[in-house]
Structures are given as structure tokens and as C-alpha cells.
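Go by the hints and put chain B onto chain A.
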Amino acid sequence: MKYNKASEIVITTISNLLAGKVEVKEEMSLIGSESLLDSMKLVELCIALEDIADEYDFEFDWTSEEAMSKSRSMFRSVAALAEEFKKQSEA
Amino acid sequence: MKILDKLKKRWEDIDHPFLEHSKGKLSFKEIVYHKSLDLSDVNSGDVVALIGDFDPQSILTLLQLIDKNVILVPLTTETKSQHEYFFQSAFVDIIIDGNTIKRIHHNQKHELIENLRSQKHAGLVLFSTGTTGRPKAILHDLTVFMKRFETPRPTLKAINFLLFDHIGGLNTLLHTLFNKGTVVAPRSRSVEDILATCEEHKIEVLPTTPTFLRMMLMSGLIPDKVPKSLRIITYGTERMDQPTLDLLCDLLPYVDFRQTFGMSELGIVRVKSKARNSLFMKIGGEDIETRVVDNVLEIRSQTRMLGYLNASSPFNEEGWYNTKDIVEECDGYYKVTGRTSDVINVGGLKFMASEVERVALQYDDVSLVKAEGKPNPITGQHVELTVQLAKNIKIDKNKFQIFLNKALPSHMLPMRIKFSEVKVGHRFKKD
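Going line by line, the protein sequences match chains A and B. The working numbering puts the first residue of the first sequence at 1, with every later residue one more than the last. The working numbering puts the first residue of the second sequence at 1, with every later residue one more than the last.
Check each hint, because a few of them may be wrong.
Okay, derived cross-link-like pairs now, DSSO-like style, lysine-lysine, Cα gap no bigger than 27 Å in a straight line [to be verified]:
#, chain 1, residue 1, chain 2, residue 2
1, B, Lys399, A, Lys41
2, A, Lys41, B, Lys102
3, B, Lys350, B, Lys374
4, A, Lys41, B, Lys35
5, A, Lys21, B, Lys397
6, B, Lys374, A, Lys87
7, B, Lys418, A, Lys41
8, B, Lys225, B, Lys391
9, B, Lys35, B, Lys9
10, B, Lys399, A, Lys21
11, B, Lys29, B, Lys6
12, B, Lys35, B, Lys80
13, B, Lys8, A, Lys41
14, B, Lys23, A, Lys21
15, B, Lys8, B, Lys147
16, B, Lys406, A, Lys41
17, B, Lys2, B, Lys23
18, B, Lys9, B, Lys120
19, A, Lys41, B, Lys374
20, B, Lys423, B, Lys370
21, A, Lys86, B, Lys374
22, B, Lys68, B, Lys23
23, B, Lys136, B, Lys157
Hint data in this document are derived by calculation from the structure and do not stem from the laboratory.
Here chain A stands alone, though its shape is the one from the complex (with noise of 0.2 Å):
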């Protein structure tokens, strides 16, 4: 999957749980107080990201131990997200 394509995915995602009152841009971060998403929309956003990754054939992982040791970069932006997204997609 072309990076691209994976932010697309992140941000279309992103938008729908937001139900599209937000523009969502790549250097949003997706933690700390800033965030748009609380706890429960984020961990919302990546079970619709394990959908999503099941229907082009790969396993979108972030609960894992090694994912976990990871997330706090992987959640740092949009981008840093759409990036770990394509990673795993090449996998």
C-alpha cells in the first residue's frame, strides 16, 4: 500500500468518527491534549483500522506487546499513524 493511500484511509476514518464536523489534516496529533479523539474514539479508530486492513489482507496489529511498546509514536500524528499503517501493509 502506497503511503497515500493508508492517509487517506487514517484520515477518511478519522473524519467518519467525527462524524465530519472536523477537517482532519496529517500533522493533527492524535494524543495528548490536543487530540481530537478521546481514549475510546482512538482505540474506536483502531479496531475500524483492523477492518479495514482485513479487506486488503493484512493484520493491522496495535495490541500486541511490541505494537504497544511502539504506540506512543505511532499516535504522535495522523501521519506517524497512515505511516505505520502502510508499514504493516507491506509486511
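Just chain B now, kept in the frame of chain A:
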């Protein structure tokens, strides 16, 4: 007096069968006069695995073995793949399978078995059916267990699932034999067959599980196909929810609903429901004490097992057993709200899986549900829900989601909903 002689005397002038099943009836005489196996090589204190069922030969051999003061390990062919493990865990000396009697030579000893042998008491080994870890070998003093049958008690005509390797099944068998009653085995465990058997045999007591009762509600066969003879429905082994019980009480106003509670480790526990529509129950009997520690029910029982043969003792120094059942207490009555393992913790907010299940079950055409806490790196855990719908029914997932959104706080909302079969074990418990 030997048990077999006592029973012969009690059944002397009785003509009715003690067991009725789809292929016919079985009288006590047929058991007593069935050709006996040659048990001359079986000695008092031997650990004997009896692979059997509720047939004349197995029942006769079982009674003869108790009279010989052996340590009995009742098994069925259903668990064949685990037999080798069971033989080793229970230190089995002799295996009886059909007409074959085989001795296994080994030099292993276990302190609890040696104690029974020195007291010349019979023993009973049952295996736990826990979903975690390998089955545990539960050793009871069978001589003490048998004492409960000395006092005559009334019997009602009951359906029994006849589990030869289960404390409840053996208790029913012995209770019926000692009190000259009749048990009926259903053709199968389907709702249709069980209700048909109730009708055909004028059954008075039907033992069930909440899962079975939910399936019965969804079948559309009640109240029309529930015979008037049915006076008592018991339910146990898993948690019942109030909406299901309320609906059953409304549909079957002449049936008394009684909760049962127990575990092989504690022996047979007497239970009394506060009311037919109440999930609160009194757990008691003269030999039982109860207490609640950190919302968890603990029981101390005089008729408890002696111990596990392949695991450390689950009793604390004072003999209390932690049931791992979370309870609410009211005037000495307890209501089980979940298991300690069912606690889901989402971002520090704790709740029971059953609270989510109770809400989901209220949605039309939802038959069975299972809520689980799944780990994640953000909130620690989140809820995932498996939903089984009534046959040939499809529901709008969005509408179901909206229903849940209105009824549950956000941390309890399932993050994933799967529509598929909720697995139910052969004892009608959710796997």
C-alpha cells in the same frame, strides 16, 4: 449393611422403573440381576476408573465398587481423548471398560489417597471442566458423601442429563435409587425434544441452564408446549439475567423457578431462591458457612472435597473456598453478578461483562450474547460483543448500535460487534 443390599430391600415391592429413556425403561431389578463382572481382583483402596454410562452394567458395577471401598473415577467415552491424562492424574490402578478389567502397575502414591485407604473409606474422583488450564482431579470421601442418602427424602419425576462423570449426575442417580424415584433421560438436548419428553413422561422437575432457557424462549414453544405437569424449573451453572427470568415467570405463571449453585469442590450445596422471580438465593444447610470478602463469595463446607490430586489446595488455612463469584448481599441472600475474571476495566472504570450482556439481551431477536474485555494499549481494555440472533432473523446493525449507545455509558459500549454463533458447550454453558 452393604449399599446394594440396602437398595434391594428398599426396592423389594416396587414395580415402577427408576430410569425411563427413549429406548425403554429400566427397573432396579434389571440392574441387580444383570450379569455381574468378575471383580475378585479389585481390592479395597484400589483407584478404579469406570468408563460407563447410565446402563445396567455400569450402575451395578458402580454400586459394587462403592461396597468394595474403592476410590472410584467415573468416566464416559465422551472424554476418551483425555483418559490417559485422567488415569495418570488420579493414580488409577484399575481400568474397567465394558467387560475388560485391566490393572495398571505403578509405584506412585498420594497422601490424600493413602489417608482414605487407612480409614477404609471409599473415594470419588471427579474432574473439573474449567476452561483455563488442564482439568483438576477432585477427590471426595465417598463414604461421607453417601451418608446424605441415609435420610429418606421425597422425589419428583425429573429429567436428568445423566452425566455419569459429574457430581450432579451421580447425586441424582443415588438420590433416585435411595428414594425409589424415577428419572427420565431425554432423547436429545434440543429444546423440542426436552419439552416433548416433559409432555410424554409427565415431568415435574426440569433442571436447566440460563442458556438453555434463553434458547427455549427464542424457540417460540413456550408457553404452549410446556406441559402442566411441570412444577419446577431449576437453573444454574452460569449467571441468569433478570429480564430473561421475568419473561419466563410471566409466560409460565404456574412454574416455580429455582436457582441452583454449586461446584464439585464443595460437594452438594443446598440453595433456596428468595422468590420465583428473584435472582437472590440463600446458600446453606447445616454444614455450610458463607461470607463475602471484597464482594467475592467464600464458602466453608464440611462436605467439601479432600483436595486436588494434581494441584495445590484451593482452601485457605481456615478452610474457606473462594468461589470467584462476585455477589450482592441482601438480608442473608446472595445474587451473583459476575465472576472475578469477568471484570472489564476500561481506562480505570470497572464493570462486569454481564452488565453489557444484560442490556444487549433486551434488544428484539437477540438470542445469546457474550461480552469480553480485550486488551489494548490505549484504555487497557475495551469491550467486544458477540451476538447470536434468533434463527433466520437479520437486524440493522446501526439501529442495534444506537440502542446500545442510549443504554450504556461510553466506556461500556462494545467497540466491535460480531454477529455469529455464541458457542454453547454440551452442558448448555457458554464456552
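Here is how each hint holds up against the structure:
1. Between the alpha carbons of lysine 399 of chain B and lysine 41 of chain A the distance comes to roughly 19 Å, so the proposed pair stays at or under 27 Å and holds.
2. For the proposed pair lysine 41 of chain A and lysine 102 of chain B, the alpha carbon gap of about 63 Å is over 27 Å, so the pair is violated.
3. Distance restraint check for lysine 350 of chain B and lysine 374 of chain B: the Cα-Cα separation of roughly 13 Å lies within the 27 Å cut-off, and the hinted pair is therefore satisfied.
4. Straight-line distance between C-alpha atoms of lysine 41 of chain A and lysine 35 of chain B comes to about 70 Å, which puts the hinted pair past the 27 Å bound.
5. Straight-line distance between C-alpha atoms of lysine 21 of chain A and lysine 397 of chain B comes to about 23 Å, which keeps the hinted pair within the 27 Å bound.
6. Taken as a hint, the lysine 374 of chain B and lysine 87 of chain A pair is honoured in the structure, with Cα atoms around 24 Å apart against an allowance of 27 Å.
7. Proposed proximity of lysine 418 of chain B and lysine 41 of chain A is supported: the alpha carbons are some 19 Å apart, at most 27 Å.
8. With a C-alpha separation of about 19 Å, the suggested pair lysine 225 of chain B and lysine 391 of chain B falls inside the 27 Å cut-off, and the hint holds.
9. Among the hinted pairs, lysine 35 of chain B with lysine 9 of chain B is consistent with the structure: their alpha-carbon atoms are about 19 Å apart, no more than 27 Å.
10. Of the supplied pair hints, the one linking lysine 399 of chain B and lysine 21 of chain A holds, its CA atoms being roughly 22 Å apart against a limit of 27 Å.
11. Note on lysine 29 of chain B and lysine 6 of chain B: the hinted pairing holds, with a Cα-Cα distance of about 13 Å set against a maximum of 27 Å.
12. A hinted pair counts as satisfied when its Cα atoms are at most 27 Å apart, and lysine 35 of chain B with lysine 80 of chain B qualifies at roughly 25 Å.
13. For the given pair, lysine 8 of chain B sits about 70 Å from lysine 41 of chain A by alpha-carbon distance, which is inconsistent with the 27 Å threshold.
14. A distance of roughly 68 Å separates the Cα atoms of lysine 23 of chain B and lysine 21 of chain A; the hinted pair therefore is violated under the 27 Å criterion.
15. Between lysine 8 of chain B and lysine 147 of chain B the CA atoms are separated by roughly 18 Å; this keeps the pair inside 27 Å, and the hint holds.
16. Between the alpha carbons of lysine 406 of chain B and lysine 41 of chain A the distance comes to roughly 17 Å, so the proposed pair stays at or under 27 Å and holds.
17. Distance check on the hinted pair: lysine 2 of chain B and lysine 23 of chain B sit about 31 Å apart at the alpha-carbon level, beyond 27 Å; violated.
18. Between lysine 9 of chain B and lysine 120 of chain B the alpha-carbon distance is near 25 Å, which keeps this suggested pair within the 27 Å criterion.
19. Under the criterion of a C-alpha separation no larger than 27 Å, the hint pairing lysine 41 of chain A with lysine 374 of chain B is consistent with the structure, at around 16 Å.
20. Distance check on the hinted pair: lysine 423 of chain B and lysine 370 of chain B sit about 9 Å apart at the alpha-carbon level, within 27 Å; holds.
21. For the hint linking lysine 86 of chain A to lysine 374 of chain B, the alpha-carbon distance of about 24 Å falls within 27 Å, and the restraint holds.
22. Pair hint lysine 68 of chain B plus lysine 23 of chain B does not hold up; C-alpha atoms about 31 Å apart against a cutoff of 27 Å.
23. With a C-alpha separation of about 33 Å, the suggested pair lysine 136 of chain B and lysine 157 of chain B falls outside the 27 Å cut-off, and the hint is violated.
When each numbered hint is compared with the structure, violations occur for hints 2, 4, 13, 14, 17, 22, 23.
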